[in-house]
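Take a look at the letters that make up each chain.
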Amino acid sequence: MQKSLHIDPAKCTGCLQCEMACSYEHTGVINPAKSRIKVFNFEHEGRKVPYTCTQCADAWCMNACPVEAIVIDVATGAKIVKEATCVGCKVCTIACPFGTVNYMADVGKVQKCDLCAGDPKCVSACPTAAITYVDADWTGLDRMRAWAAKANTASVSA
Amino acid sequence: MGWNRKVLRVNLTAGTCTPEPLNMAWANDYLGSRGLASKYLVEEIDPKVDPLSPDNKMIMATGPLTGTMASTGGRYTVVTKGALTNAIACSNSGGYFGAEMKFAGWDMVVFEGKSPKPVYLYLENDKAELRCAAHLWGKTCWETEETIKASHQDPQIKVSSIGAAGENQVLFACIVNDLHRAAGRSGVGAVMGSKNLKAVAIRGTKGVSGIKDFPAFLQATQAGKKVLADNAVTGQGLPKYGTQVLMNVINEMGALPTRNHRDVQFEEAGKISAEAMHEKRPTDGKAHLVTNAACFGCTIACGRISKIDETHFSVKNSPKYWGASGGLEYEAAWALGAANGVGDLEALHYANMLCNEHGMDPISFGATVGAAMELYDLGILTKEQIGLEAQFGSAEALCKLVEMTAHGEGFGKELGMGSARMCAKYGKPELSMSVKGQEFPAYDSRGIQGMGLTYATSNRGACHLRSYTVASEVLGIPVKTDPLTTDGKPELVKAFQDATSVFDAAGICIFTSFAWTLADVQPQVQAACEGDWSMDKLNLVGERIWNMERQFNLAAGLTAADDDLPPRLKTEPAKTGPAKGLVNGIDKMKPEYYKIRGWDSNGVPDKATLDRLGL
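Chains as they are written, first to last, in my numbering: chain F, 36 to 193; chain P, 226 to 840.
Everything labelled a hint here was simulated from the structure, so no lab data went into it.
Backbone N, C-alpha and C define an ideal beta-carbon position, used for all residues, glycine too.
One should not assume that every hint holds.
A few chain F residues facing chain P, derived, Cβ under 8 Å [to be verified]:
| no. | residue |
| --- | --- |
| 1 | Leu51 |
| 2 | Asn66 |
| 3 | Ala68 |
| 4 | Trp95 |
| 5 | Met97 |
| 6 | Lys117 |
Some chain F residues flagged as far from chain P (calculated, every beta-carbon gap over 10 Å) [to be verified]:
| no. | residue |
| --- | --- |
| 7 | Met55 |
| 8 | Ala56 |
| 9 | Ile65 |
| 10 | Glu78 |
| 11 | Thr89 |
| 12 | Ala99 |
| 13 | Glu103 |
| 14 | Ala119 |
| 15 | Val126 |
Subject to a maximum C-alpha distance of 25 Å in a straight line, what follows is the list of computed BS3-like cross-link-like pairs (lysine-lysine) [what the hints assert, rightly or not]:
| no. | chain 1 | residue 1 | chain 2 | residue 2 |
| --- | --- | --- | --- | --- |
| 16 | F | Lys185 | P | Lys511 |
| 17 | P | Lys431 | F | Lys117 |
| 18 | F | Lys73 | P | Lys374 |
| 19 | P | Lys705 | P | Lys496 |
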C-alpha cells in the first residue's frame with residue numbers, strides 16, 4: 036500500500052518539532068532553516084499550517100528537470116532528488132506550483148521532501164498528530180468518518 | 226556540547242560587536258542561560274550600579290537545550306540588574322527568538338554601555354551589526370517586528386524589542402519577542418531602553434550541531450516528551466485550558482488576591498476564567514479563545530490565542546485589535562482582573578494586548594493599578610490627580626490607564642514607577658503589595674503559605690517562578706503538602722528554588738516541572754553537554770546559582786529586611802474561604818529557611834556554604 040503525508044492544520048500548535056526532526060534526519064543538524072516541511076504562522080487568524088510536498092503523481096518538478104535528477108522512489112512513490120545528479124539549475128523550483136522544492140545556496144542543489152524512505156520523521160515528531168502518514172488512497176477517510184458520525188441514523192418509523 | 230561556545234559582546238557606547246569564546250569553565254559550573262549569564266553579570270558589573278546607567282549590562286542568553294528537540298527547548302533569558310527591584314533580574318521568555326539566537330551560532334549576547342542614538346542589533350549567523358533605529362523609535366513592539374522583517378525582506382527573522390514602555394523607562398517595562406511572548410519581569414525593558422537599544426533581530430541558519438551524543442539525546446528527549454504527554458496537567462489541563470485553568474481553583478482555595486489583597490476571593494472569578502474563555506459570547510456567538518499555541522519545541526502548548534469582542538467599548542473603533550492575539554494567561558488575567566476587582570474578560574484582554582504591544586509586564590502594571598485604586602478608595606488620590614474615576618472594578622479606568630502608563634502621560638507617569646515607589650510617594654508604602662519593589666503574582670500567601678516564603682526570598686523580587694510551591698500545596702506535585710500550614714515549607718521552597726535554577730539554566734520551560742523532576746532533565750542535559758552532569762552535580766549547580774544571585778543582591782545593598790512581606794499579609798487575616806482567619810507565617814518560616822540554606826541569621830551565606838558551592 037502506498038502511503039501519503041496527511042496534514043491537519045487545526046491540530047498544529049507551531050512547536051516546530053517536525054522541522055527539527057526533518058532537518059536532523061537529512062543533515063545531521065537540528066536546523067529548521069534546512070527543513071523540508073515548514074510551519075506557517077498566520078498570527079492574526081490564530082492559525083498555524085504545516086506545509087510540504089504532496090508528491091504529485093505527474094510531478095512538475097520531475098518533468099521540468101533537464102538532467103533527470105528527480106526520480107520516483109518506487110517503494111514510497113516519493114519524488115526524490117539525486118543530489119549527485121542535480122546541477123542546481125532551479126528549474127524545478129520554478130516549475131513546482133506549490134513552492135515545495137527549494138534551492139540550498141550553500142550546497143548548490145535543490146531539496147524536497149523524500150518521505151524519509153517510508154518513515155517520515157516529521158510524523159513521529161509531531162506531538163498532536165497534526166501530521167500523519169496514511170493510506171494514499173484514503174487521505175479523506177478521517178473527514179468522511181467525521182461527517183459520517185453526524186449522519187442522522189435515527190429510525191423514521193412510528 | 227550543547228553550547229555554541231560563542232558569545233557576542235556589543236559595546237553600545239563604542240558601537241562595536243565583538244565575538245569572544247564562551248567561558249567553558251563557567252559553563253561547567255553554571256550550565257547556561259540564567260546561571261551562566263548571571264555569572265557573567267556578577268563578574269562584570271558593580272552590584273551597586275544604577276540599573277538605568279550605562280554601567281549596567283544586559284545579557285540575552287540561551288541554554289544548552291535551547292534550539293533542540295528537548296520539549297520546551299526554546300527559552301532564552303534576559304539577565305541584568307533590575308530597574309524595578311535594584312536586585313539581580315532574570316526574565317525568561319519562550320516563542321522562537323531564543324532558538325534563533327542558537328541557530329545563528331551564539332550562546333549569548335552581552336550588551337554594555339549606552340548607544341548615543343537609538344539602534345537595533347541585527348544578527349545574521351556570524352554577521353553582527355548595529356543599525357540605526359531612528360525609524361523604529363516610538364513604534365510598538367508589533368510594528369517594530371513587522372518593520373524590521375519588511376526592511377530586510379526576510380519574514381523568517383525573529384525579533385525581540387521594546388515598546389513605548391521601555392523607551393519611556395517604565396520601571397516594569399518588558400522585552401517582547403514573537404508578538405506576544407515576553408521577558409516580562411523586573412523592568413528588563415527599561416534597562417534596554419536606557420541603552421537606546423530598540424530591538425534585536427536575528428536570522429540563524431546554522432542550526433545546532435554540537436549535541437554530544439545525538440542518539441542518546443534523541444532517546445532522552447523522546448522519553449521526556451512521553452512523560453509530559455502522559456501527565457494530566459501537561460498532557461491535558463494546560464493544552465486545553467492554559468494556565469487560566471487555575472483561576473477558579475485558586476479562587477476556591479481562598480488564595481486569589483483581590484482588590485490589592487484586601488480580599489482573597491473574587492466574586493467574579495468565574496467570568497474571567499479559562500472556562501469563560503471557552504464559552505460563546507452573547508454578543509457575537511463566538512468564544513473568546515481561538516486556539517492554543519506552543520512556543521518553540523514545546524509539546525505542552527499552554528499558550529492562548531484569543532479574539533476580542535469587536536463590540537467591546539475598548540476596541541469598537543479600533544479594528545487593529547480585532548485579530549487573534551496572545552492571552553489571556555492566568556497571571557495577566559489575575560493582575561488586570563481580580564487585583565483590581567475588574568470582572569470584564571474583554572477589558573482584560575484589551576489591557577493585556579496593550580501590555581504586549583507597548584512592552585509592559587501585565588503583572589506589575591495590573592497590581593500597581595490595584596494599589597492606585599486602593600489609594601483612590603481611601604481618598605488619598607483624587608479624580609483630578611488621576612484624571613479619571615478609578616474605583617475598584619472599573620474596566621474603563623483599567624483600559625485608559627494602560628495607554629497612559631506605557632506613554633508616560635499624566636498619572637500614567639506615576640503608575641510607571643511601580644506600586645512601591647507610587648505608594649511611598651503618597652505616604653502609604655504599606656499598600657504596595659510587593660517584595661523588593663516587585664509586585665506579587667496571582668497567589669495570596671495567606672491561603673498558600675509556602676508562597677509567602679517564595680515571594681520573600683525570591684532573588685528577583687516577588688515572583689511565583691522561583692519556587693512554585695503551588696505545585697505541591699495545590700496540585701500535589703511531587704507530593705501534596707497542606708497549603709494552610711508553614712510546616713515543611715522552608716525545605717520545600719529551598720528544594721524548588723534550586724531545581725528551578727537548573728530548569729532555567731538548561732534552557733527549558735519551568736512548566737515541564739508539573740510532570741518532570743530533575744531526574745527527567747538530567748539525561749537530556751547529560752546527552753547534550755560534555756562533562757559530568759549527574760544528579761549530584763545538577764543539584765549543586767542549582768544551589769550555586771541561587772547563592773550566587775543572593776551574593777549579588779547582598780553586595781547591591783539588600784539585607785534580610787528585604788526578605789519580607791507587606792504588613793497586610795502578616796497582620797490582616799484572610800476574610801473568607803478555607804484560609805479565613807489566617808495570615809502568612811513568614812516570620813516563622815524565614816529563620817528556618819536561612820538555617821537550611823546554610824546562611825546566618827542575617828541571611829548571609831556562611832563561609833562553609835560558599836566553600837561547598839565553590840563561590
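Quick rundown of the hints versus the structure:
Annotation: interface hint on leucine 51(F) holds; nearest CB of chain P at approximately 6 Å, less than 8 Å. At a threshold of 8 Å, the smallest CB-CB gap from asparagine 66(F) to chain P is about 2 Å, leaving the interface hint in force. Residue-level restraint check for alanine 68(F) holds (minimum Cβ-Cβ distance to chain P is 4 Å; threshold 8 Å). Annotation: tryptophan 95(F) was flagged as interfacial toward chain P, and the flag is violated, the nearest CB pair being 25 Å apart, outside 8 Å.
For methionine 97(F), the shortest C-beta to C-beta distance to chain P is roughly 27 Å, which exceeds 8 Å, and the interface hint is violated. A least Cβ separation of about 24 Å between lysine 117(F) and chain P goes past the 8 Å threshold, and the interface hint is therefore violated. Chain P draws methionine 55(F) into its interface by the beta-carbon criterion, the shortest separation being 5 Å against a cut-off of 10 Å. A cut-off of 10 Å between C-beta atoms contradicts the statement that alanine 56(F) is not in contact with chain P; the least separation is 7 Å.
The beta carbon of isoleucine 65(F) sits about 4 Å from the closest Cβ of chain P, which is not more than 10 Å, so the claim that it is off the interface is violated. In this structure glutamate 78(F) is not separated from chain P by more than 10 Å, as the shortest Cβ-Cβ distance comes to only about 6 Å. For threonine 89(F), the requirement that its beta carbon stay farther than 10 Å from each beta carbon of chain P is met, with the minimum near 23 Å. With a closest Cβ-Cβ approach of about 26 Å to chain P, alanine 99(F) is found to remain outside the 10 Å limit, as its non-interface label requires.
Distance to chain P confirms glutamate 103(F) as a non-interface residue, since its nearest Cβ pair spans about 29 Å, more than 10 Å. Alanine 119(F), annotated as away from the interface, keeps every beta carbon of chain P farther than 10 Å; the closest lies near 23 Å. Consistency note on valine 126(F): stated as away from chain P, and its beta-carbon is indeed over 10 Å from all of that chain's, at 24 Å minimum. A threshold of 25 Å between alpha carbons decides the hint, and for lysine 185(F) with lysine 511(P) the separation of about 22 Å falls inside it, so the pair holds.
Between lysine 431(P) and lysine 117(F), the direct Cα distance comes to roughly 23 Å. Compliance with the 25 Å bound is thereby established for this hinted pair. Restraint check: the Cα-Cα separation between lysine 73(F) and lysine 374(P) comes to about 18 Å, which is no more than 25 Å; the hinted pair holds. For the hint linking lysine 705(P) to lysine 496(P), the alpha-carbon distance of about 29 Å lies beyond 25 Å, and the restraint is violated.
In this structure, the earlier hints numbered 4, 5, 6, 7, 8, 9, 10, 19 are contradicted, and the remaining ones agree with it.
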